[in-house]
Structures are given as C-alpha cells and as structure tokens.
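**Q** Chain A is already provided as a structure; the job is to place chain B on it using the hints.
Chains A and B are the protein sequences, given in the same order.
Last residue of the first sequence? That's 342 in the numbering used here, and every number before it is there in order.
Last residue of the second sequence? That's 342 in the numbering used here, and every number before it is there in order.
FYI, nobody ran anything at the bench for these hints, they're computed from the structure.
One thing to keep in mind: the hints can contain errors.
To be verified - The calculated lysine to any residue pairs, modelled on SDA-like cross-linking and capped at a C-alpha distance of 20 Å, are: (1) A:K60 to B:G178; (2) B:K312 to B:E286; (3) B:K60 to A:G178; (4) A:K287 to B:G142; (5) A:K287 to A:H213.
Number of protein chains: 2
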Amino acid sequence: MITQKIFQKELVALDEWLVTYLTKTSTEPVLLESMLYSIQAGGKRFRPLLLMGTVDFFGGTIHPGVIQVAAALEMIHTYSLIHDDLPAMDNDDLRRGKPTNHIQYGEAIAILAGDGLLTEAFQMIGESLDLTEQEKVWLMTGLAKASGTKGMVGGQVGDLAGEHQQLTVEQLASIHHRKTGALIEYAVGAGTYLGLPQENFTCSNHQIMEDMTCFAQHLGLAFQIKDDILDVTGSEALLGKRVQKDQTLEKNTYPALLGLTGAKASLTNELASARKALQTVESLIKTSSNHYLHQLIDGLEEKDGE
Amino acid sequence: MITQKIFQKELVALDEWLVTYLTKTSTEPVLLESMLYSIQAGGKRFRPLLLMGTVDFFGGTIHPGVIQVAAALEMIHTYSLIHDDLPAMDNDDLRRGKPTNHIQYGEAIAILAGDGLLTEAFQMIGESLDLTEQEKVWLMTGLAKASGTKGMVGGQVGDLAGEHQQLTVEQLASIHHRKTGALIEYAVGAGTYLGLPQENFTCSNHQIMEDMTCFAQHLGLAFQIKDDILDVTGSEALLGKRVQKDQTLEKNTYPALLGLTGAKASLTNELASARKALQTVESLIKTSSNHYLHQLIDGLEEKDGE
Chain A
37 MITQKIFQKE
47 LVALDEWLVT
57 YLTKTSTEPV
67 LLESMLYSIQ
77 AGGKRFRPLL
87 LMGTVDFFGG
97 TIHPGVIQVA
107 AALEMIHTYS
117 LIHDDLPAMD
127 NDDLRRGKPT
137 NHIQYGEAIA
147 ILAGDGLLTE
157 AFQMIGESLD
167 LTEQEKVWLM
177 TGLAKASGTK
187 GMVGGQVGDL
197 AGEHQQLTVE
207 QLASIHHRKT
217 GALIEYAVGA
227 GTYLGLPQEN
237 FTCSNHQIME
247 DMTCFAQHLG
257 LAFQIKDDIL
267 DVTGSEALLG
277 KRVQKDQTLE
287 KNTYPALLGL
297 TGAKASLTNE
307 LASARKALQT
317 VESLIKTSSN
327 HYLHQLIDGL
337 EEKDGE
Chain B
37 MITQKIFQKE
47 LVALDEWLVT
57 YLTKTSTEPV
67 LLESMLYSIQ
77 AGGKRFRPLL
87 LMGTVDFFGG
97 TIHPGVIQVA
107 AALEMIHTYS
117 LIHDDLPAMD
127 NDDLRRGKPT
137 NHIQYGEAIA
147 ILAGDGLLTE
157 AFQMIGESLD
167 LTEQEKVWLM
177 TGLAKASGTK
187 GMVGGQVGDL
197 AGEHQQLTVE
207 QLASIHHRKT
217 GALIEYAVGA
227 GTYLGLPQEN
237 FTCSNHQIME
247 DMTCFAQHLG
257 LAFQIKDDIL
267 DVTGSEALLG
277 KRVQKDQTLE
287 KNTYPALLGL
297 TGAKASLTNE
307 LASARKALQT
317 VESLIKTSSN
327 HYLHQLIDGL
337 EEKDGE
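Isolated chain A (complex conformation) (with noise of 0.2 Å):
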C-alpha cells in the first residue's frame, strides 16, 4: 500500500533501536522474545513512515530523538494489535503471514508483551538522550491522549460495543477517528511540532497545526477505509490476515453501510480533503507539492484491479 523508497536508513535505524531498547530494559526472555516477535512482523511502519515524513515536510532533521518517538509509536501501535487479536477481542489467529502473538506464546504472555510495550512507550521517550524536558512532556502527554480512554482504547471498546448492531455512517466514524485515527492524528501532530522550528512555535504555526491536524483526520479515516475495503476485496495470501473477518464478526464498517461502491467514493472523498488540508500549509510555508507526503496519500488510492 504503502512505497518505502524513502526514509530507507531510517527505517533501519528504527529497527535497531527497536531490539537495542526492547533488550536492554528486558528482564524475561519470554517476554522479549514475544514483544520482538511482534515488532520485527513486517509490519508497514505506516505511523513511523508519518511522523518521519512530516518532521521532514517542514525541514526538519530525523535525528535519534524523532527515531525514538517513531519507534515508541510503533510499540503502541503493535500493543494494540497483540491485545485487539486476543481470544476475548477480535480473536484472530493470523496476523501478517504468522500466527498472532497468544498462538505463538499463550494468552498470558501475549497481554504482558501488550501491556510491557504500552509501558516501554513512554519510558523510551522519557529517557531519550535527544529531545528537551518540554518536548519529552509534550510527546509522552500527546501519546497517552491518542493511545487512551478518549482515542484508541475508547475507539476499540466502541467497536465491539457497535458489533452485531447497526449504527450510523457518523458513529462508525466517530470509533475509526479514536480506534485507528487518534495514533495517525498523534504521528502528523508530533512530527509538526518536532518539524517546525520551536522558537517560531507563534499564532501562524498554530495555524498550520490545525491544518494539519486536518490533513491527519482525513487520512487517518481514509486509511481505516481502505482497511475496511481489503477485508472485503483483499486476499488473506495479499494481506497476511484473515479475511471478511468483519462480516463474521457482523462488524460495522464502511461497505457494510455503504456498499462497496459507497466505501470507494468515501474514500476518495476523504484523500481528496487530505490533499487539499496538506496543500493549505504547503501555500502557507511555501513548499512545493511532491513531498513524500504525497505519496503516502496517493498509497492509499483504490487502484484498478485492486
């Protein structure tokens, strides 16, 4: 879905920061054999990819510091996988290409590698050697928002609590804005705030964070789309999960309210406001219009054949 021409190195650094980290604050093999089980799944570093490219659409350098956030992001983007494929949640055993985290180690193991990863989130960013006391509490407070009660957490209980009932267009957004849209809305918001110079951090940069917080939403809700489309259209081969899960699991989602054609047309809707929010700050810091943030919207276009 996704190219990862770019931000190549700094993928690999992310990676190694990963194992590095995730090593030396372990004290069970188990456990770190788990949570790096997880992470190292070939997951796309969508979150990670975003907040690199928007750190560097305003210029900025992706130092040690914006790695770190990066891979605390991700930690908390595979917590919730781990946790969301649990026999009492989504209870999905196949996740790309492998069996999920509670096959491979047991149930037990599965919701502390979640639960030591959440944690490990903000210890990392707390203790980075590369990022400011202020930044560090803007980072760690900026990330337990997106990931808690009002964003993720809250988004999964809504969609379960939505399971095998029919809501609106507006609730099913309302549980994508928090389950998968608050983490891509924290990804774009901190590689602004990380991107722009800070001592320029005055009304006109104010402006530019609500402009991009617009062009997160968007994205965010067309990414979930997206998501939703390839449980319908996607092979389980092409995906490394299970397929029409979400019927099963009489799960809303936008062709079950839209029909696929209506999901396709909501998703170009939604690019198209996220093209035109990231276009509004490319007018106001006078950049041109072939970031790589770009093609992170182009990536989630329907393709033919798709």
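**A** Structure of chain B alone, referenced to chain A:
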C-alpha cells in the same frame, strides 16, 4: 493491615480526583464504569499513602500535584490487578470481596479497562497544572520504568514462569522485587523527590534517596511476604479474595519455600531493615522517630492471633 487515620482528607481528595479525571477523559460509559468499579473496590491505597507519607516525612506539602501522582500510582496498581486476575493469568473471581473485573464486565472490557488505566496514568501526570516540566518527566519516566518490563510486567512474567517449579529464595525475591517492589519503591522515590526541596537536591540528598530506596526495597519485600503469609493464614471473609490460591497454582511463596515460621522470620527481618534504613535518614535530616512511615512499617508486622 494499615492504619489510615491520617491523610483522611487527602484520601478523599484522591478518590474524588480519580472519579473526576476518569469521567472527563472517557468516551465510552461501559469503559468508565469498569475502570471505576475496580478503582472504587475498596483498596487499601497503600501506595498513595506511602507516597504522601514520604512527602510529609520530608516536610513537603500534599499539594494537588502529589495527589495526582498518587492517583496515577493507584491507577497503575489497579490495572495490574485487573490483568493479573484474568483467566489466562491467575484466574481469580473474587477481589476485595467483589467479583473481579472480568467476571463483572467480561474479559474484553477488563483488558481494555486495564489498558485505559495504565495509559491514563501517564496522561494525568503530563497534564497536571501543579507539577513542573522537569518533575513531570522524572515522574512519568520513573513510573514507566517501575511498571514496565524491568519492573512490574517483568515480575509478573517471572511469577507465571516460576509456577510448578521450585525457585530459590533469591529467585523469588527477584520476582517480588519487580512484581510488587518496583511500584512501592517508586512511591517512596517519588515522595522523596517531591518532598525534598529540589534546590537542595545535592550530594547529601542523593545519599538520602539511596537510603530511602533501601527502606522501600525492604518494605516492598515485607509487603509481599506478608501477602504470601496471609494467603496461607488469612480468611476469605477478612481479605476479600480467595485464599490458598498460591498453593493451588503451585506458586513460589515464602511460606512454600521456608515454611510459615521461616516466612514470618523473613518478614521480621525485612521490617527491621526497613526501620533501620528509615532511621538512617532520620539522623541525616534530624527528625524524630515517630513519623507515620513507622506506622506503615508497624502495620505489616505479624500480630498475635493472626
């Protein structure tokens, strides 16, 4: 076990703050209800009391920032109980005299309530209006470290891994130090940090921090040995949880490894060491030996007839 005669006002403020904060940040009623169910289940608030007692020991004020850190500590402790009680872990159905969270709300909500409490603990400190940026970083990072893979989560994995096999007393102490000790150590460490005037955080204060850590480590181990003993000698009615579970699960405990008499002797030793470390600090800061922290130590002593 613990006298709560002092800090009554502060404990009321703590409880009110927990409700206010969680209500404000929640978007899903069932999630809020589930989190509050466990938060309000009648816990002894040992960790908050220890934190507030330590701040007070150094002549500090129990200002709203201290209450917020105490609340974050209690949220982390509560999350750990919810997850530990899950069927895949210790499979407990009774806690503080009430059905455990997953019995009441189902496993999915219980897992998410735990995730929510863990995450919100960080947001709560990060958003505090009563702590400096520097304090927030210290407090959030330390909390993550105490709760994470080198601390509580690692200890829980060690505890599970040790079931059905005989450990040495040293191995068991290592599990206890992480599983329950790390958060208790954090309570004392954070209390020392917040209670000691920070402009004076010089060499002698580093010595004080070391001695307080020593106090906390002995107190934490004593706390867990007492818990092990009560699982053998206590009644379900008194403790509000199932007793003699450790034996059923073939858990390593002090009574299992040393017999009841040996466990009681270890408890006495640990309490004596905790008292001695506290007295060392008292001689450094020239204060009397009748502070509330001594009551906390005394409260863990074995009484006749117990």
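**Q** Does the alpha-carbon distance linking K312 of chain B and E286 of chain B stay inside the 20 Å limit?
**A** 34 Å, violated
**Q** So if I understand the rule, the pair passes when the alpha-carbon distance is 20 Å or less; does K287 of chain A with H213 of chain A pass?
**A** 16 Å, holds
**Q** When you check the alpha-carbon spacing of K60 of chain A and G178 of chain B, does it fall within 20 Å?
**A** 16 Å, holds
**Q** Holds or violated: K60 of chain B with G178 of chain A, Cα cutoff 20 Å?
**A** 16 Å, holds
**Q** Checking one constraint from the list: CA of K287 of chain A to CA of G142 of chain B, max 20 Å. Satisfied?
**A** 19 Å, holds
Violated hint: 2 only; the structure is consistent with all others.
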